[in-house]
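*Asks:* One letter stands for each residue in the lines below.
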Amino acid sequence: MIFFISDLHLSPRSPGATALFLHFLAGRARQAKALYILGDLFEVWVGDDIDDAYHSAIIASLRAASDAGLNVYLMHGNRDFALGQQFATAAGASLLPDPYDLALPEWSFVLSHGDALCLDDPAYVAYRSRVRDPAWLQKMLDRPRLFRRLLGRYIRWRSSRKRTPGYVYPDLNPAATDDFIRAHGYTTFIHGHTHQPAKHDHIIDGIHVERWVLADWHDDRGECLVWDGEALKREAIVAENRP
Amino acid sequence: MIKLTTNHGVITLDLNAEKAPKTVANFLAYVEAGHYNNTVFHRVIKNFMIQGGGFDTGMNQKKTNPTIENEAANGLKNKRGTVAMARTGDPHSATAQFFINTVDNDFLDFKSPSGQGWGYCVFGEVSEGMDVVDKIRAVRTANKGFHQDVPVEDVIIEKAEIV
Numbered sequence: 006m007i008f009f010i011s012d013l014h015l016s017p018r019s020p021g022a023t024a025l026f027l028h029f030l031a032g033r034a035r036q037a038k039a040l041y042i043l044g045d046l047f048e049v050w051v052g053d054d055i056d057d058a059y060h061s062a063i064i065a066s067l068r069a070a071s072d073a074g075l076n077v078y079l080m081h082g083n084r085d086f087a088l089g090q091q092f093a094t095a096a097g098a099s100l101l102p103d104p105y106d107l108a109l110p111e112w113s114f115v116l117s118h119g120d121a122l123c124l125d126d127p128a129y130v131a132y133r134s135r136v137r138d139p140a141w142l143q144k145m146l147d148r149p150r151l152f153r154r155l156l157g158r159y160i161r162w163r164s165s166r167k168r169t170p171g172y173v174y175p176d177l178n179p180a181a182t183d184d185f186i187r188a189h190g191y192t193t194f195i196h197g198h199t200h201q202p203a204k205h206d207h208i209i210d211g212i213h214v215e216r217w218v219l220a221d222w223h224d225d226r227g228e229c230l231v232w233d234g235e236a237l238k239r240e241a242i243v244a245e246n247r248p
Numbered sequence: 584m585i586k587l588t589t590n591h592g593v594i595t596l597d598l599n600a601e602k603a604p605k606t607v608a609n610f611l612a613y614v615e616a617g618h619y620n621n622t623v624f625h626r627v628i629k630n631f632m633i634q635g636g637g638f639d640t641g642m643n644q645k646k647t648n649p650t651i652e653n654e655a656a657n658g659l660k661n662k663r664g665t666v667a668m669a670r671t672g673d674p675h676s677a678t679a680q681f682f683i684n685t686v687d688n689d690f691l692d693f694k695s696p697s698g699q700g701w702g703y704c705v706f707g708e709v710s711e712g713m714d715v716v717d718k719i720r721a722v723r724t725a726n727k728g729f730h731q732d733v734p735v736e737d738v739i740i741e742k743a744e745i746v
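Residue numbers (my numbering), protein chains in the order written: chain U, 6 to 248; chain H, 584 to 746.
Next comes chain U alone, as it looks inside the complex (with noise of 0.2 Å):
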């Protein structure tokens, strides 16, 4: 079995997000074979060396579970851009390309956080293509420790204002899924970013393709999408009471 997800936006802010991830790779992702986080693991990231107790837990169990034998991947997202090498390697994960062509004896995928394609929305479009800018990143990384906290808490208090209710992501552009699409061999198409779970049907110069959009995570309830070898499925993670 192959497991995907994304957006699951995890700061200290969300403890119900993060428990639940916890929980899910100590017991569920063990099943997989893989599991390919596609982007938007955490809610912001600024740098791989701010280490606290919050980030520390949730690399120990993606290390206990590589360690376990489940080869983790890793996209990055929008918020998370600037994951290193420094995160992937305490975690065990391998960092990923976007987009990313996964081929398997069975099947071929194609991954992508998918806000690349999100064209339709200029000012989205200029941000993206400052942030992704490597010059862009280098320099902010170069900031100072404290500054690069604060930066955080701000980015988390701004993206706290924009998810007020009746909020809707901005979505794909079609004609350039369309057009992605074919560039990668008419493959089954997964990604996430916009929030908005769903399975869509795209017939592109005559062929079925179709594109799987991952759920977002909430504090009471995350999901994922199962590869098990034949057909692609939802399974929801929700927290189990136990004594």
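Just so you know, not all the hints are guaranteed correct.
Estimated spans, in silico, between C-beta atoms of each pair [to be verified]:
no. : chain 1 : residue 1 : chain 2 : residue 2 : range
1   : H       : I745      : U       : P20       : 41 to 51 Å
2   : H       : P649      : U       : D147      : 35 to 45 Å
3   : U       : R154      : H       : P649      : 28 to 38 Å
4   : U       : R33       : H       : K629      : 18 to 28 Å
5   : U       : R150      : H       : M584      : 35 to 45 Å
6   : H       : M584      : U       : D176      : 40 to 50 Å
7   : U       : P20       : H       : N657      : 20 to 30 Å
8   : U       : A236      : H       : M584      : 45 to 55 Å
9   : H       : G672      : U       : Q36       : 53 to 63 Å
These are computed hints drawn from the structure, not numbers from a lab. Note that the Cβ used here is the ideal one computed from N, Cα and C, for glycine as well.
We have chain U already, so just place chain H on it with the hints.
*Replies:* Below, chain H alone, put in the same frame as chain U:
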């Protein structure tokens, strides 16, 4: 006292508001709201406990109120016939699900206020109907979906009321 009318008979619970005030208030609020009516004992392990109060007869998880503080440090022990709150890995995460210990489960008792040591909060005991609990713990169970130890035939709490 709380009267649980199940399809296997009546279980009455004596709650200990003195030792577990917040937990008892939380439980009473669910009873008064009718939350437990037509929920099931969805996790039954004969020589451990019977757990319920969180799922309807279709095994759909019911909406809950916010989580409560863990009062497991109140000195009450998880002895046979006591009722305690279920929770997730977070010590302070109990909502609606509870369980009745069918044997002495010392390992569930509070040990220290740290991750693993918190234990499970006992907040009452069965005053009548332990024979009903014994009937329930003996039912046949199987895996259902992602859940283990689910009774093959529903064990239903038809009604929970304050008497």
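*Asks:* Evaluate each hint against the coordinates.
*Replies:* Do the hints match the structure? See the list:
no. : hint                        : in the structure
1   : H:I745 / U:P20: 41 to 51 Å  : 33 Å, violated
2   : H:P649 / U:D147: 35 to 45 Å : 42 Å, holds
3   : U:R154 / H:P649: 28 to 38 Å : 29 Å, holds
4   : U:R33 / H:K629: 18 to 28 Å  : 26 Å, holds
5   : U:R150 / H:M584: 35 to 45 Å : 58 Å, violated
6   : H:M584 / U:D176: 40 to 50 Å : 55 Å, violated
7   : U:P20 / H:N657: 20 to 30 Å  : 24 Å, holds
8   : U:A236 / H:M584: 45 to 55 Å : 51 Å, holds
9   : H:G672 / U:Q36: 53 to 63 Å  : 18 Å, violated
Going down the numbered hints, you'll see the structure goes against 1, 5, 6 and 9, while the others check out.
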